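Novice: So the sequences go chain by chain: A and B. With numbering that gives the first Met the number 0 applied, the first sequence covers 0 to 181. With numbering that gives the first Met the number 0 applied, the second sequence covers 0 to 41.
Calculated directly from the structure, the hints in this document are not laboratory data. Predicted model only: the values in this text are computed from it and were never measured. Some clues are possibly wrong.
Claimed, not checked - A few chain A residues facing chain B, derived, Cβ under 8 Å:
1. F114
2. E131
3. L132
4. L151
5. V153
To be verified - Calculated cross-link-like contacts (lysine to any residue; reagent style SDA-like; alpha-carbon spacing at most 25 Å):
6. A/K119 / B/Y18
7. A/K119 / B/A28
8. A/K138 / B/V2
9. A/K138 / B/D6
10. A/K138 / B/Y18
By construction, the Cβ of each residue, glycine as well, lies at the ideal position given by its N, Cα and C atoms.
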Amino acid sequence: MIRVLRIPGLNAATMLFISFFRGTPLLVQLFLFYYGLPQLLAFLTQINGITATIMGLTLHFSAYMAESIRAAIVGVDRSQTEAALSIGMTNGQLMRRIVLPQATRVAVPTLMNYFIDMIKATSLAFTLGVTELMGATQKEAAGSFLYFEAFLTVAVVYWIIVELLAWGQRRLETRLNKAYRR
Amino acid sequence: MNVLDFDYMLGLVPILLSYLPLTLEMAAAGMALASCWLAAWR
Numbered sequence: 000m001i002r003v004l005r006i007p008g009l010n011a012a013t014m015l016f017i018s019f020f021r022g023t024p025l026l027v028q029l030f031l032f033y034y035g036l037p038q039l040l041a042f043l044t045q046i047n048g049i050t051a052t053i054m055g056l057t058l059h060f061s062a063y064m065a066e067s068i069r070a071a072i073v074g075v076d077r078s079q080t081e082a083a084l085s086i087g088m089t090n091g092q093l094m095r096r097i098v099l100p101q102a103t104r105v106a107v108p109t110l111m112n113y114f115i116d117m118i119k120a121t122s123l124a125f126t127l128g129v130t131e132l133m134g135a136t137q138k139e140a141a142g143s144f145l146y147f148e149a150f151l152t153v154a155v156v157y158w159i160i161v162e163l164l165a166w167g168q169r170r171l172e173t174r175l176n177k178a179y180r181r
Numbered sequence: 000m001n002v003l004d005f006d007y008m009l010g011l012v013p014i015l016l017s018y019l020p021l022t023l024e025m026a027a028a029g030m031a032l033a034s035c036w037l038a039a040w041r
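Isolated chain A (complex conformation) (with noise of 0.2 Å):
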């Protein structure tokens, strides 16, 4: 919104932001929160590999998100635009009533799409040590020495997640559809 509305300042952090998110890797952010902040802020030596995930996860991914929202709402038609402001709306009823609710239809089957990416990323959590699907998978292919079965397992676990997700995704977008269907 900031990008779209062109706010000065929070316009260029904003491009910053997402510059950073974007243009480096997530397994190096994690490692950025998880091994580098505790040097810098002391309170953060107390924070977990669980929360230093969901804060990667949420910094990396709100950055993708903030472009395909900032994408649907200039997809949304001028004229539509012009004709709110014509009748006297303010910016704020404009975006709530006009903008807002079009664009949506358009974001989410992109934000389910990063909702999707964001469960195969929290694999990388087993990189600072938690022990999610990935973390167990690698400790009892360690023990059993069966990593091809091991691991192959854990792919069609994801695989199956990813699906189901997918299945819903199509149905939520038939769902949003059904007004603009002739």
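Let chain A serve as the given structure and place chain B on it in line with the hints.
Specialist: Only chain B this time, still in chain A's reference frame:
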């Protein structure tokens, strides 16, 4: 070439599924916080 140990793979599934809530919670928390962060930013 060795044959895959399907019994081991099937035995692994419930163990892995027990970690599924944590995976989903981390992703859901990340998504919710990212949405809140973007809304606050607005």
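Novice: With reference to the structure, classify each hint as holding or not holding.
Specialist: Hint by hint, here is what the structure shows:
1. F114: holds (5 Å)
2. E131: holds (5 Å)
3. L132: Cβ of A/L132 sits 5 Å from chain B, so the hint holds.
4. L151: Result: holds, 7 Å to nearest chain B Cβ.
5. V153: holds (6 Å)
6. A/K119 / B/Y18: Between A/K119 and B/Y18 the Cα gap is close to 14 Å, so the pair holds against 25 Å.
7. A/K119 / B/A28: holds (14 Å)
8. A/K138 / B/V2: holds (22 Å)
9. A/K138 / B/D6: Status holds; Cα separation ~18 Å.
10. A/K138 / B/Y18: holds (13 Å)
In terms of the numbered hints stated before, the structure departs from none.
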